[in-house]
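J.: Fit chains Z, A and W to the supplied structure of chain P, relying on the hints for placement.
Listed here are the chains, written in short residue letters.
There are 4 protein chains.
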Amino acid sequence: MRIGILTAGGDCPGLNAVIRSVVHRAVTHHGDEVIGFEDGYKGLLDRRYRPLDLNAVSGILARGGTILGSARLERGRLAEACENAPELARELGIDVLIPIGGEGTLTAARLLSDSGMPVVGVPKTIDNDISATDRTFGFDTAVGVATEAIDRLKTTAESHQRVMVVEVMGRHAGWIALESGMAGGAHGICLPERPFDPADLVKMVEERFARGKKFAVICVAEGAHPAEGTMAYGKGAIDQYGHERFHGIGTALAGELEHRLGKEARPVILGHVQRGGSPTAYDRVLATRFGWHAVEAAHHGRFGRMTALRGTRIEMVPLAEAVTELKTVPQDRMDEAESVF
Amino acid sequence: MRIGILTAGGDCPGLNAVIRSVVHRAVTHHGDEVIGFEDGYKGLLDRRYRPLDLNAVSGILARGGTILGSARLERGRLAEACENAPELARELGIDVLIPIGGEGTLTAARLLSDSGMPVVGVPKTIDNDISATDRTFGFDTAVGVATEAIDRLKTTAESHQRVMVVEVMGRHAGWIALESGMAGGAHGICLPERPFDPADLVKMVEERFARGKKFAVICVAEGAHPAEGTMAYGKGAIDQYGHERFHGIGTALAGELEHRLGKEARPVILGHVQRGGSPTAYDRVLATRFGWHAVEAAHHGRFGRMTALRGTRIEMVPLAEAVTELKTVPQDRMDEAESVF
Amino acid sequence: MRIGILTAGGDCPGLNAVIRSVVHRAVTHHGDEVIGFEDGYKGLLDRRYRPLDLNAVSGILARGGTILGSARLERGRLAEACENAPELARELGIDVLIPIGGEGTLTAARLLSDSGMPVVGVPKTIDNDISATDRTFGFDTAVGVATEAIDRLKTTAESHQRVMVVEVMGRHAGWIALESGMAGGAHGICLPERPFDPADLVKMVEERFARGKKFAVICVAEGAHPAEGTMAYGKGAIDQYGHERFHGIGTALAGELEHRLGKEARPVILGHVQRGGSPTAYDRVLATRFGWHAVEAAHHGRFGRMTALRGTRIEMVPLAEAVTELKTVPQDRMDEAESVF
Amino acid sequence: MRIGILTAGGDCPGLNAVIRSVVHRAVTHHGDEVIGFEDGYKGLLDRRYRPLDLNAVSGILARGGTILGSARLERGRLAEACENAPELARELGIDVLIPIGGEGTLTAARLLSDSGMPVVGVPKTIDNDISATDRTFGFDTAVGVATEAIDRLKTTAESHQRVMVVEVMGRHAGWIALESGMAGGAHGICLPERPFDPADLVKMVEERFARGKKFAVICVAEGAHPAEGTMAYGKGAIDQYGHERFHGIGTALAGELEHRLGKEARPVILGHVQRGGSPTAYDRVLATRFGWHAVEAAHHGRFGRMTALRGTRIEMVPLAEAVTELKTVPQDRMDEAESVF
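Chains as they are written, first to last, in UniProt numbering: chain P, 1 to 341; chain Z, 1 to 341; chain A, 1 to 341; chain W, 1 to 341.
Just so you know, these hints were derived from the structure itself, not from any lab. Errors might be hidden in some of the hints.
No copy is singled out in the list; a pair is fine if it fits within one copy or between any two copies.
Listed next, the in silico BS3-like pairs over lysine-lysine satisfying Cα-Cα at most 27 Å (straight line) [claimed, not checked]: (1) K213 x K42; (2) K263 x K42; (3) K42 x K214.
Values in this document were obtained by computation on a predicted structure and should not be read as measured data.
Here chain P stands alone, though its shape is the one from the complex (with noise of 0.2 Å):
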């Protein structure tokens, strides 16, 4: 068998991993032969690739980024591969295309698999916000960057009695916030599926303090937004569904905070930090599991399909199962994570 394999999107530490087991497996047991194409999407598109053996992916399973490259690819250019697609994998000579990536690139598997092409996609995420798989490697490292970071930051905010507002990735759900907020003991958490009122975190503050605890430390996600109206000091920008969205939302809170509370606040944007770098153990194990089990079912035909983690076992979803809805935090993670504010 040939196999095409290529990553796309945004960095995520475990690309590497996913890499190195797909050549592994299919070189090792299956005797394939695994080219890899750079910069996603574009480098199938304009037949950049190079093979991949053993020696060509030693030592990079605890590297992170990816040493393939990513890119982001237009439409147009998708479309376009979709209208030729079984004539691109003959062309290329591969019997089936991985592509690792988000929302977005396995979306475009998934047309390019409707369009004729085998395809087997691995989802990758830091912000584990895809319903089909119970988590996605990248998170946990994620979540170890935001906790060890908060980790720091409650040190200082207790030594100053300051308030801390850390803002950390996750547009569009809250994932991140929801463990780096529990594992590092935040004392607020704002996530992007429900609005907050800023003055539920003032009446927060001053009970801590009141109680002694002179400090307090806020995880906010970057897609969080307070409800409507409820931000007095500064006004945000009105989205397309006409919610209020502040640009830079951990900036934004600190100074209402400070504002309303005449006590210091701090803004820490955590950023890019989060998504680069060696992955943790559990990320490497994951990654390395959905490798394997994207060439086996290459192997086995199970085209159109993207593995998935359920409890302990990995499975084949169905693509079109994958991309359909976001997952979001729900509120009974919510709730275990209020408790213990």
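T.: Relative to chain P, chains Z, A and W alone:
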């Protein structure tokens, strides 16, 4: 409600996170009173306990160990407790006991429960070998520590063209060896679940050297043992099942490989480092969720059960179910690992 | 002897290690009594203090922050304290005051000392800019945090062919930027010590891309500023010395580079994460040694001095010497860094 | 100029950082050519080397081990090399040899230098026992790994009221034990520099238990040994100096303490984990500076010398000076450590 809590058995990162979560949920949400027994069941029988309020659990989320202490209990004393379990609960004034522990602790919990003590258990083991739950807290931390060690050892092995044998915890189940071996990219993994033949490892090392990879790292669970008669150098003791066992299998195996290969092979025994220290974010979240659900179960009168992770949900499973059989590494998980050696 | 101790100024990993060391050495070896003032000099003036015995400092060695709290002091109140320093010491019953702090704290210490208060200082700053000592504790931890961030960002930058600008702490001296930039392998470092020209960075990035290294990471101290008139896009404010300064130089520089290069350039502002959390082993050792020598100096009546690292030895230097000039990054250290860009 | 470089002796985090720094400085600044000999002096004698350009050292800064490999050399072959050192240099076309290594490597470097080979040495040892330099790279990483292990073990020891004996590296000098013991807050430290009496440790543990601290951690250098006749249980072997030595002092001491105290005492042997893996920021900076200065020294014809850290500066010291005596832990450093037990 008045809740008694205790921690028993070996150290496990995340114990304090459970205690903190139980106290927060019980006190803040339900207005309960919580007392903590010292040194496991001993404190229960000796009436050694202290009240646990929010201040008592402040700052412990990220700390390893257990603020309540832990100790082994003689069987005789447990039997005694079971004889008058309801009276004991009444005397202590507790409406429910939440024991956090491993197989032994949960078995004791079940006996107490059967004897009339209202009990809600929380499973704990770094070995991850409790069958009723997908994962236990502490395991992720142990795997993380072992993986970091393997990462470090690989550079040394490579620079010195050497074979390294890393012995990790896992007496009856090889989960730590499996996952840290996969995550660290070990070239061989030996589990208690199936006897290994040193000849296979010798072959693997020789093949690696032949293709220019002049080093190897082998990850061995402390409970792993060779197939009978396969260790040519040195003899093990025969255990109760008639198996040949080596005390300190890591050291024995390194010696065996050094003899057979004529190359340096060094053992590294990770030991207790794996079970102490600050828990990973994953373990803190799981432990916090377990604590929350234990309190809820108590308030819903769901006694005789323990918390369990099933997929992404926490469920309450009968204690009877939890302790019947050990969760060992199935063959398909081992297959996944082998393909990336 | 009765020793008073206080921590003042910004948070700095290792403060607790000094406190612990002072208490251990004083109590165990000399049979002294130690009291800790709360919230820096404020506690001294407000007579807010608590006794510190071995139990009070148990378990704090590895913890960030300061168990005594810290706060800024108004100048007026300090002047007032200096007027009757000997009386104040007598009233509090302290034979020596050990203030742990940065430039401001040590200047205050010197004034108190000149006014008749027996003082032994301990220098503290994550910025490492106190000239009388080779190194200060906290610096190593800050560099470690920043280096880990750069390690992570490099993989993301590489996978996405992107320029990353990391802003680290260092308002007046660029030590953190210098060492984390060297340790992380940054491709450009901007320090407060000498104005930079964005054109040089543009050239460096273009040369890298030209030889196939399609990413770059630039490490900028928060106090770095461009040579006048060199930032083509956007304008800074003119400071008291007539220099053009940009608030948020990391963000400003990323914007500038994006404009000039026509490539994505993203800022990451590490912020307070650098000054909190568990100190590195290096900082714990240095802080512990400083505490030990401060107590010995007190017992030898060597007042008006502070602890300083000179080579491998701890020496006592006059406070007057310590605070006269800032230790900035000399040109030869910058030369060393530049050769590995 | 044509520069030859090699790494010899045990693994040490920072070796790759030196190699990278030498190549960058030499190639970029001076336009030199650099070749790397494989497996230490063996590669020199066997003419096994490869050219090192910027690409060859890309991405190695943060990686442990050495890309050049390392190996022991038989004395005979070295003597042979010394006989015709100038011819060897001429034949290889190298204008200078930069060997990076410990005592043995530097002694060999000195012999080669005395025989007419232009040599500039770079000292390397995780043990920090080279007298001519304040510190060596690798040491900080080793201390960091050992400290993290002690941090972890303390929670386990405390939860189980147990004594832990941690054996760290250091055959002839106790620097790692000293600094990781101080940084980890060990309650006893045993060094090769002075024989210990187990009775002192027993007393310390009993005093701790008496005041309610029911655990202890003891940090032992692998080269530490008891004062003669003080180990009551078990007997050591007599070494060439007539001292009683125990193979595996950590294990022997734990056994001794368990017997005497009647409490569990467990050994943990950290082993090779201490010398592998990614170097700390401190070690990367020091290694990079050493590489830079080695190249400059070569260009200034300062042969027969090695790089050394003196305070904050890198100086060039005669190789003769460097290897005359071991830098051991002086009594005053031990005094500092003892006060915080």
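J.: Check K42 against K214 for me: Cα-Cα at most 27 Å, and say if that holds within a copy, between copies, both or neither.
T.: between (53 Å within a copy, 16 Å between copies)
J.: How would you classify K213 and K42 at a CA-CA limit of 27 Å: within, between, both, or neither?
T.: Close across copies (19 Å), not inside one copy (54 Å); limit 27 Å.
J.: How would you label the pair K263, K42 (within, between, both, or neither) given a Cα cut-off of 27 Å?
T.: between (51 Å within a copy, 17 Å between copies)
The structure meets every hint from the earlier list without exception.
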